[in-house]
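Number of protein chains: 2
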Amino acid sequence: MITVQEAENRIAQSLESLPSETVSIDGALGRVLREPLRADRDAPPFNRSTFDGIALDYTAIERGQAAFPIAGTAFAGSPQLELTDSGSCVEIMTGAPLPDAANCVVKIEDLEIESGIAQINEDVPLSAGYGVHPQGSDCKSGQELLQPGSRLTAKELSIAASIGKAELVVASQPRISIVTTGDELVGVDETPLPHQIRRSNDLALQAALVAGGYDRCERFHLRDDRAETESTARSLVDESDVIILAGGVSKGKRDFLPEALEAIGVQKEFQWVAQRPGKPLWFGTANSNGRRRYVFALPGNPVSCFTCLHRYVLPGLDRMSGLTGADSEPIRLQSDFQFKPPLALFLPVRTSIDRNGQRWAEPLPFNTSGDYISVASTQGFVELPQEQETFASGDVVTFRPWLT
Amino acid sequence: MITVQEAENRIAQSLESLPSETVSIDGALGRVLREPLRADRDAPPFNRSTFDGIALDYTAIERGQAAFPIAGTAFAGSPQLELTDSGSCVEIMTGAPLPDAANCVVKIEDLEIESGIAQINEDVPLSAGYGVHPQGSDCKSGQELLQPGSRLTAKELSIAASIGKAELVVASQPRISIVTTGDELVGVDETPLPHQIRRSNDLALQAALVAGGYDRCERFHLRDDRAETESTARSLVDESDVIILAGGVSKGKRDFLPEALEAIGVQKEFQWVAQRPGKPLWFGTANSNGRRRYVFALPGNPVSCFTCLHRYVLPGLDRMSGLTGADSEPIRLQSDFQFKPPLALFLPVRTSIDRNGQRWAEPLPFNTSGDYISVASTQGFVELPQEQETFASGDVVTFRPWLT
Numbered sequence: 001m002i003t004v005q006e007a008e009n010r011i012a013q014s015l016e017s018l019p020s021e022t023v024s025i026d027g028a029l030g031r032v033l034r035e036p037l038r039a040d041r042d043a044p045p046f047n048r049s050t051f052d053g054i055a056l057d058y059t060a061i062e063r064g065q066a067a068f069p070i071a072g073t074a075f076a077g078s079p080q081l082e083l084t085d086s087g088s089c090v091e092i093m094t095g096a097p098l099p100d101a102a103n104c105v106v107k108i109e110d111l112e113i114e115s116g117i118a119q120i121n122e123d124v125p126l127s128a129g130y131g132v133h134p135q136g137s138d139c140k141s142g143q144e145l146l147q148p149g150s151r152l153t154a155k156e157l158s159i160a161a162s163i164g165k166a167e168l169v170v171a172s173q174p175r176i177s178i179v180t181t182g183d184e185l186v187g188v189d190e191t192p193l194p195h196q197i198r199r200s201n202d203l204a205l206q207a208a209l210v211a212g213g214y215d216r217c218e219r220f221h222l223r224d225d226r227a228e229t230e231s232t233a234r235s236l237v238d239e240s241d242v243i244i245l246a247g248g249v250s251k252g253k254r255d256f257l258p259e260a261l262e263a264i265g266v267q268k269e270f271q272w273v274a275q276r277p278g279k280p281l282w283f284g285t286a287n288s289n290g291r292r293r294y295v296f297a298l299p300g301n302p303v304s305c306f307t308c309l310h311r312y313v314l315p316g317l318d319r320m321s322g323l324t325g326a327d328s329e330p331i332r333l334q335s336d337f338q339f340k341p342p343l344a345l346f347l348p349v350r351t352s353i354d355r356n357g358q359r360w361a362e363p364l365p366f367n368t369s370g371d372y373i374s375v376a377s378t379q380g381f382v383e384l385p386q387e388q389e390t391f392a393s394g395d396v397v398t399f400r401p402w403l404t
Numbered sequence: 405m406i407t408v409q410e411a412e413n414r415i416a417q418s419l420e421s422l423p424s425e426t427v428s429i430d431g432a433l434g435r436v437l438r439e440p441l442r443a444d445r446d447a448p449p450f451n452r453s454t455f456d457g458i459a460l461d462y463t464a465i466e467r468g469q470a471a472f473p474i475a476g477t478a479f480a481g482s483p484q485l486e487l488t489d490s491g492s493c494v495e496i497m498t499g500a501p502l503p504d505a506a507n508c509v510v511k512i513e514d515l516e517i518e519s520g521i522a523q524i525n526e527d528v529p530l531s532a533g534y535g536v537h538p539q540g541s542d543c544k545s546g547q548e549l550l551q552p553g554s555r556l557t558a559k560e561l562s563i564a565a566s567i568g569k570a571e572l573v574v575a576s577q578p579r580i581s582i583v584t585t586g587d588e589l590v591g592v593d594e595t596p597l598p599h600q601i602r603r604s605n606d607l608a609l610q611a612a613l614v615a616g617g618y619d620r621c622e623r624f625h626l627r628d629d630r631a632e633t634e635s636t637a638r639s640l641v642d643e644s645d646v647i648i649l650a651g652g653v654s655k656g657k658r659d660f661l662p663e664a665l666e667a668i669g670v671q672k673e674f675q676w677v678a679q680r681p682g683k684p685l686w687f688g689t690a691n692s693n694g695r696r697r698y699v700f701a702l703p704g705n706p707v708s709c710f711t712c713l714h715r716y717v718l719p720g721l722d723r724m725s726g727l728t729g730a731d732s733e734p735i736r737l738q739s740d741f742q743f744k745p746p747l748a749l750f751l752p753v754r755t756s757i758d759r760n761g762q763r764w765a766e767p768l769p770f771n772t773s774g775d776y777i778s779v780a781s782t783q784g785f786v787e788l789p790q791e792q793e794t795f796a797s798g799d800v801v802t803f804r805p806w807l808t
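Same order as they appear, the protein sequences are chains A and B.
When you line the first sequence up against my numbering, it's residues 1 to 404, in that order.
When you line the second sequence up against my numbering, it's residues 405 to 808, in that order.
Hint data in this document are derived by calculation from the structure and do not stem from the laboratory.
Just so you know, not all the hints are guaranteed correct.
[Claimed, not checked] The list that follows gives simulated cross-link-like pairs (lysine to aspartate or glutamate, EDC-like), each with its CA atoms no further than 16 Å apart: (1) K511(B) x E526(B); (2) K655(B) x D123(A); (3) K251(A) x E526(B); (4) K544(B) x D446(B); (5) K279(A) x E109(A); (6) K683(B) x E410(B); (7) K340(A) x E269(A); (8) K657(B) x E109(A); (9) K268(A) x E8(A); (10) K655(B) x D40(A); (11) K544(B) x E410(B); (12) K683(B) x E787(B); (13) K657(B) x D722(B); (14) K253(A) x E526(B); (15) K655(B) x E109(A); (16) K683(B) x D123(A); (17) K279(A) x E513(B); (18) K107(A) x D85(A); (19) K251(A) x E516(B); (20) K140(A) x E6(A); (21) K251(A) x D722(B).
One chain only, chain A, in its complex shape (with noise of 0.2 Å):
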């Protein structure tokens, strides 16, 4: 049995990063962008006015002139206007270009317009630059907007779009494989024996791939027939970047995963962690037709599968995608919690934030790792380590969300 550390170490080193390719922009959100993103052109492009009023030079608000001549008027979007006078004005629109020679913008509410002149009202504060958004303020021509390793999501898409990039370098979707096994799982629209259970797990890890970015995914079942199991496998393997598999790797006598897994070459990198849910955790690798396959077989228990997945196989997606960034946080135990036997523990908590912004966490009353109903009142799951068995109110854990 290895550490929770030494698997997740032994898949990160598995992993290969995924291919890179383009897309347009409108099918870009939620990916991994795999490019720097530069400026096209100093942002704002021009000295921007950031009000509607006139635009004139400030020298001339400093020598003492109050009422200005409207010389001509300024739109967003249309080109560039000239301040030929220092003593007249342009009238400007929020957005448009700073007339040449012009410093300063009064806003329209500090402004009486009549015949053609404008008259500031007394009072109003005003400096040279001020209601100038200046050419080159936001960022420079040339300038690192973004880095790769980003998730493109809508603040990421507005810059892209800003500098003009209709396509985006992106990391490649995984095709990804989602298999259930057991013969005691009916289909969802079907109405089990008393001793069988519907399929849940299926929907619930695609529900959470989608979440975090990765949509290319389909669902299989498989009986728990050892023939069926090796052929479906051998296709899943060949077809698939990653195979997600549900159940049938402990040690019953219709497990016939590992076997089969083993007989069509895919290489076992572990089995057994020392965790709580999800101890028979098994991980392996495959080459077919050139490219790497990872298989994930996590234990058929609703819980123990969906933290499996959030604590293996989500942040293994992110790092070949060449994802940036953390994927847990620090959070404080709202109770005490004892836990002896020598196994990490991922406990589902109940997340709260009290008024100061501190954020606690609340352990579900201990059931059984196949109570996946009270895992919907949680919003992710705590880490409690191996070395210790008492942990305290107060104490500090490392949180991971479940993804929504």
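Take the given structure of chain A and dock chain B to it, following the hints.
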């Protein structure tokens, strides 16, 4: 000018609940549940073995028996067996129903099996109920497992699947039109002239809406033309539940939207909110084809637009959907901050969690509300109230995350 709170209240009072619809569980990820989900039977539905091993009657152990003849094998997915002789045992697999009259499972690791006899190793801690996940211990038949108003994520879908809800009643998706305005804007794939900039608000708004669970979005662009603005607005009000406009609502000479919207019968509920950014925010309602329509006209500046989406539009959509739960949380400021104008301030912040699980917000160096580039390095914004000018490091304020 109204306050942020009043703007929020007026929007909330205007909004009507979206209709419900029934969707397949396969398409339900991210939707808002509109019916309670109740257990269709006990969970687990039978006394379930949590190990691979042997099932027996614990009274035999109490009598001192350590070797048990194996009378059969219980597989997951096979009907329940009977333990006819309390001195014998049944081999059992994880997830299988415990035989009638058995009440204890001994793990396979704690046994030696030879010639059909299972011999329990010495000093194995056992008890009545050991290794048994009892029928109904997770929930009883009929128990409410999920309430209306839950967002359907992986863990909720797992429950829905397990109770056989192949179809679910959820809030319908509002049809959302995202409309950019302004002659200065060109497409992402175009090369802007010196006085032009590329359109990015539409993509950013759509991405955040999709991340928030609202993916029925279409994008449009309006030139600064009074007649076109009115005719396009008319057809959008007929065909959309929610129209989100970006730009054209301030006091500029080509800010045609407020008058065009009122001309086509959109009832203005308010304009001008005491906030920065986003002061020109305009909100109105209309009735068309028997359904209520909502028009949010946001300022065109990217940071204003993005902030107002998160502060008003997304919470509004959640309310229309019936989603329960908080959309903001307390956080501590990481540095002093001063803001004098009598406006509430929405301030983008970089968040961090210290090693004790305390969350901190570091305000961006305050530039102008057009600086969408530095917003990419933030995780959301804090809302500094209008009544206060000076904020000290350590002060607790309200944080809202960007949707990702």
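Assess, step by step, whether the Cα of K251(A) is no farther than 16 Å from the Cα of D722(B), and give holds or violated. violated (47 Å)
Hey, K511(B) versus E526(B), does the alpha-carbon distance stay inside 16 Å? holds (13 Å)
Pair hint outcome, K655(B) versus D40(A) [Cα-Cα no greater than 16 Å]: Roughly 31 Å separates the two Cα atoms, so the pair is violated.
Given the hinted pair K340(A) and E269(A), is their Cα-Cα distance within 16 Å? The given pair, whose Cα atoms are some 28 Å apart, is violated under the 16 Å limit.
Do the alpha carbons of K251(A) and E526(B) lie within 16 Å of each other, as the hint requires? violated (21 Å)
With the threshold set at 16 Å, check whether the alpha-carbon distance from K657(B) to E109(A) stays at or below it. Measuring from Cα to Cα gives roughly 14 Å; hence the hint holds.
If you draw a straight line from the CA of K683(B) to the CA of E787(B), is it 16 Å or shorter? With Cα atoms ~14 Å apart, K683(B) and E787(B) stay inside 16 Å; holds.
Taken at face value, is the distance from the CA of D123(A) to the CA of K655(B) at most 16 Å? With a Cα-Cα distance of about 22 Å, the restraint between K655(B) and D123(A) is violated, given a limit of 16 Å.
Given the hint that K683(B) pairs with E410(B), does the C-alpha gap stay at or below 16 Å? holds (13 Å)
Holds or violated: are the alpha carbons of K140(A) and E6(A) at most 16 Å from each other? Cα-Cα ~45 Å, so violated.
For K655(B) and E109(A), compute the direct alpha-carbon distance and say whether it is at most 16 Å. With a Cα-Cα distance of about 9 Å, the restraint between K655(B) and E109(A) holds, given a limit of 16 Å.
Does the alpha-carbon distance linking K544(B) and D446(B) stay inside the 16 Å limit? holds (4 Å)
Going through the hint list in order, the structure does not satisfy hints 2, 3, 5, 7, 10, 11, 13, 14, 16, 18, 20, 21.
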